[in-house]
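Engineer: For reference, the chains in residue letters:
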Amino acid sequence: GNSVTQMEGPVTLSEEAFLTINCTYTATGYPSLFWYVQYPGEGLQLLLKATKADDKGSNKGFEATYRKETTSFHLEKGSVQVSDSAVYFCALSVRRGGYSTLTFGKGTMLLVSP
Amino acid sequence: NAGVTQTPKFQVLKTGQSMTLQCAQDMNHEYMSWYRQDPGMGLRLIHYSVGAGITDQGEVPNGYNVSRSTTEDFPLRLLSAAPSQTSVYFCASSFGTGTEAFFGQGTRLTVV
Numbered sequence: 003g004n005s006v007t008q009m010e011g012p013v014t015l016s017e018e019a020f021l022t023i024n025c026t027y028t029a030t031g032y033p034s035l036f037w038y039v040q041y042p043g044e045g046l047q048l049l050l051k052a053t054k055a056d057d058k059g060s061n062k063g064f065e066a067t068y069r070k071e072t073t074s075f076h077l078e079k080g081s082v083q084v085s086d087s088a089v090y091f092c093a094l095s096v097r098r099g100g101y102s103t104l105t106f107g108k109g110t111m112l113l114v115s116p
Numbered sequence: 320n321a322g323v324t325q326t327p328k329f330q331v332l333k334t335g336q337s338m339t340l341q342c343a344q345d346m347n348h349e350y351m352s353w354y355r356q357d358p359g360m361g362l363r364l365i366h367y368s369v370g371a372g373i374t375d376q377g378e379v380p381n382g383y384n385v386s387r388s389t390t391e392d393f394p395l396r397l398l399s400a401a402p403s404q405t406s407v408y409f410c411a412s413s414f415g416t417g418t419e420a421f422f423g424q425g426t427r428l429t430v431v
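Same order as they appear, the protein sequences are chains A and B. Under our numbering, the first residue of the first sequence carries the number 3, and numbering increases by one thereafter. Under our numbering, the first residue of the second sequence carries the number 320, and numbering increases by one thereafter.
The set of hints was computed from the structure by calculation and includes no laboratory data. Quick reminder that beta carbons are idealized off the backbone N, C-alpha and C, glycines included. Hints may be right or wrong, so weigh each one.
Unchecked claim - Each computed DSS-like pair below joins lysine-lysine, with the alpha-carbon atoms no more than 30 Å apart:
(1) K54/A x K70/A
(2) K333/B x K58/A
(3) K79/A x K62/A
(4) K58/A x K79/A
(5) K328/B x K108/A
(6) K328/B x K62/A
(7) K108/A x K58/A
(8) K108/A x K70/A
(9) K108/A x K54/A
Unchecked claim - Sample of chain B residues with no beta-carbon within 12 Å of chain A, all distances over it, derived:
(10) G335
(11) S352
(12) D375
(13) Q404
(14) T418
(15) E419
(16) G423
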């Protein structure tokens, strides 16, 4: 079956530090990969995505590269801000017949202090 | 500019009561889904729909029913609430396969 494994949190960083949140996956077929972010009290919103091997998704200074050889999609940001404090979810989507559904990791909480 | 709207935002039920969580989207999306979010478990898929009149089970469907009579609405029904259904519920919609999913703000349900 399909599954997503991401590093447990919380990840605690000082402002302007470098961020990496690891994500690996297992999937049958050729998944699309996503990072979603959830701010306190809100629903999830898409941060970035990649649909095929070697694609790089990027948004708001965050980046992740689809690595098929290592089945990974690690999230990185060069300099985090306090406003980046949130829970980050790695997810995959695989087409099943004519349908596809999202499979999520358990989420990683990021706490950034001034 | 509504997107995905869920109601209610908060609900407390007694064991055995029934209720319906409402979800509506105004983006003409074909795909709609219900997830539950529990601490340390991430989001787990309950039911999903790929269009009006078509629904299917996800990872954790037991205790929940859904129907999709229109493109816009996808209600989730709890027929006989149990404490194990205490959770935060999210509805999501998307245009199609592999595309961005848009989430509602969630419904926090407590069953006592």
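Engineer: Any of the earlier hints contradicted here, and which numbers?
Structural biologist: The structure conflicts with hints 2, 11, 12, 14, 15, 16, although it agrees with all the remaining ones.
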